[in-house]
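Whole structure, please, built from the sequences with the hints as guidance.
Protein chains: 2
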Amino acid sequence: MGRQSGTDADGQRRSTVTDVARRAGVSTATVSRVLNRNYPVAAATRERVEKAIQELGYVVNAHARALAGVSGRTVGIIVNDVVDPFYAYIARGVEREASRGGRLCLVCCTQGDPQRELAFVELMHERRADAVIVVGGSVADRAYTDELARRATELDADGSKLVLCGRPPLGERVPTASVEYDNEGGAFALTDHLLTQGHERVLYLGGPPGLSTTRDRLAGHRRALELRGAEPDSALEQPGAFSRAFGARRMAEVLRQGIRFTAVFAANDIVAAGAAQALEEAGVRVPQDVSLVGYDDVPVAQEMRPRLTTVHVPLEEMGRQAVRVALRDEDEDPWREPATGVVRLGTHIVVRDSVAPRGTHRGRM
Amino acid sequence: MGRQSGTDADGQRRSTVTDVARRAGVSTATVSRVLNRNYPVAAATRERVEKAIQELGYVVNAHARALAGVSGRTVGIIVNDVVDPFYAYIARGVEREASRGGRLCLVCCTQGDPQRELAFVELMHERRADAVIVVGGSVADRAYTDELARRATELDADGSKLVLCGRPPLGERVPTASVEYDNEGGAFALTDHLLTQGHERVLYLGGPPGLSTTRDRLAGHRRALELRGAEPDSALEQPGAFSRAFGARRMAEVLRQGIRFTAVFAANDIVAAGAAQALEEAGVRVPQDVSLVGYDDVPVAQEMRPRLTTVHVPLEEMGRQAVRVALRDEDEDPWREPATGVVRLGTHIVVRDSVAPRGTHRGRM
DNA sequence: ATGAAAGCGCTAACAA
DNA sequence: TTGTTAGCGCTTTCAT
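If you're matching them up, the sequences are chains A and B in order.
For the first sequence, the positions run 192 to 556 when our numbering is used.
For the second sequence, the positions run 192 to 556 when our numbering is used.
Everything labelled a hint here was simulated from the structure, so no lab data went into it.
Don't take each hint at face value.
Put simply, identical chains are the same to the list, so a pair is met inside one copy or across any two.
[Stated by the list, open to error] Below 20 Å or equal to it, Euclidean Cα-Cα: the simulated DMTMM-like pairs (lysine to aspartate or glutamate) are: (1) Lys242 x Glu317; (2) Lys242 x Asp337; (3) Lys242 x Glu338; (4) Lys242 x Glu494.
Since the model is a prediction, treat every value here as computed from it, not as a measurement.
Take a look at the structure:
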């Protein structure tokens, strides 16, 4: 026998389909049918049932419904931090697309801890989320990757899907969906833009060293350098973090050390904002003395003065696509071509006011 | 008979406690006991069960568990927009506190539409969320308020709680919890600060006119004006929206119209950022020509140049308190004093660089 | 320490 | 068009 009384402090049992049925003088099946409006019910009956529902303040129990075989209509999204605009915009896309499909969104924040990420994937699986979306770069740790792959497989076995949003695949054999963006290409274009303007010594600033996002951006940057025959200099690569504080601090240090450069490639716009501050405090003018670029094209890029040249990443669209790619088998009509499970979105450089041609620079070189 | 096959495309039934029990040679009760580690189980038995769980890739079904009477361990939060830092910081607090208690967070965005808000409250009730937190100012529409009150009552009847976070109560009789902050007081302090610096004509800029948040801030502003005997001037009250775009646009218009003022009280920091931009473009210097203040103390306030004087609102803490106040009956030990169900947090002015004494101003008056 | 079995609230197959 | 009823997967009481 179940253990709970089914009554609350007031002795008021919360109402169930059975209560509604009794009050309306119909069967539970009929109540279910008016609830789900997926089956013909006589108008008069329907009204009686709806009246009973009103009077009892009845609210259907989604757990019971899910247990009876109906989708829980939930998608899960796992991000580093909801406050970071990179994640926030993706989360917004996920929420909007989920909402459009009548789904609710479970949101978790890992604060950068892979173990928390794995734990959250599990919790969302327990809740039988229709899809679990993990967002943003990942570390290349083997044990972690294997474990995530295992969970992806288990999710898949339960008819759900792990979606990789902005991070590399888990391997050919692992059943996942994924949304990618051209990270390397954007970085290439950005550095190429700088090179074209005559800059040869470009400082690469920020981004956690182990992260796939950093790897890809740095790879694009290096490829452009190489292509133009600019000589690489490890002193010009200063990864670290994706924070404003890091950008400001490391920029100041680099200035103090007297490392020579005429342009700064910040790993993202937030880092660029920090760098801009340090530059300003050191009396270095952007773009007259030093050119500065960022990445992501989040609002701060337009709000900075000078406005920041950066790479546009379609963050909100990535979020939307993440839920689409995971759910199209469930929602769309079956005559559509079978989904590939991978969508790749483009990036493009947005030229604003923070880059000037090398020729106009003074000092620092 | 249930209608679904219980098998997926591969004919692989997903495993259940029964499968685990069979494989481990124990009963489902025993499996449940090792799952919940709330009851003594022989070490050897436990190991066999855990092995079976591993081998089958078994993941407990939270719906079944919830239906059997265990809390779903979910809290719901409803915000305007996850990207807006005001909401994002509160959401972060909610997520962290929920997570601390082993709960997951359902997040919905209303995009400012009260009807969507009501619909989301219902959906979260269906999912039997332990608490449903509605965040931010509300409109004073009676039909809407009544409906929300009704839903609060129904939630309460199911042992859950509607939490009002940063908005006025729904009435004495309506069972809700709430987290308030001293909105009026912060506005009072801010305008008083301006007045003390010799400003007499203060432009109030932004904030949706119908919103409780705007009402409270405006009320504090007016009270300070009155107290200091500054004469009110309706031309100096320019509500509208909480966006950067509004701040920039309306600021430019006001400048064009030649309305006289020496200080601007922006309804929040985002509006202040927009106003700052318009001011800059018009060649009006902050704070030399015009003083500027904001509200909320979100990061942009520190990032602006000059750094923005504003009112600090403990956003993340509000989020944390929202889940605490709703859940302390469930989680805390019963000997604690009974919760009041209302927590009120203070605000304080943060003086930075965007205000100068009236004496140093030139022009505009 | 373990097992048997009822029941949580709902949906849908089947019967009428 | 409506009713009857099995069963979704789990927890817990009660018995052993």
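Status of each hint after checking the structure:
Taking the closest pair of Cα atoms, Lys242 and Glu317 come within 20 Å of each other only across two copies (19 Å); inside a single copy the shortest separation is 35 Å, beyond that limit. Taking CA atoms no more than 20 Å apart as the test, Lys242 paired with Asp337 passes between copies only; the shortest distance there is 19 Å, against 54 Å inside one copy. In this assembly of identical chains, the alpha carbons of Lys242 and Glu338 lie at most 20 Å apart only when taken from different copies (16 Å versus 51 Å within one copy). In this homomeric assembly, Lys242 and Glu494 never come within 20 Å of each other (Cα to Cα): the closest approach is 54 Å inside a single copy and 56 Å across copies.
Checked against the numbered hints above, the structure violates only hint 4.
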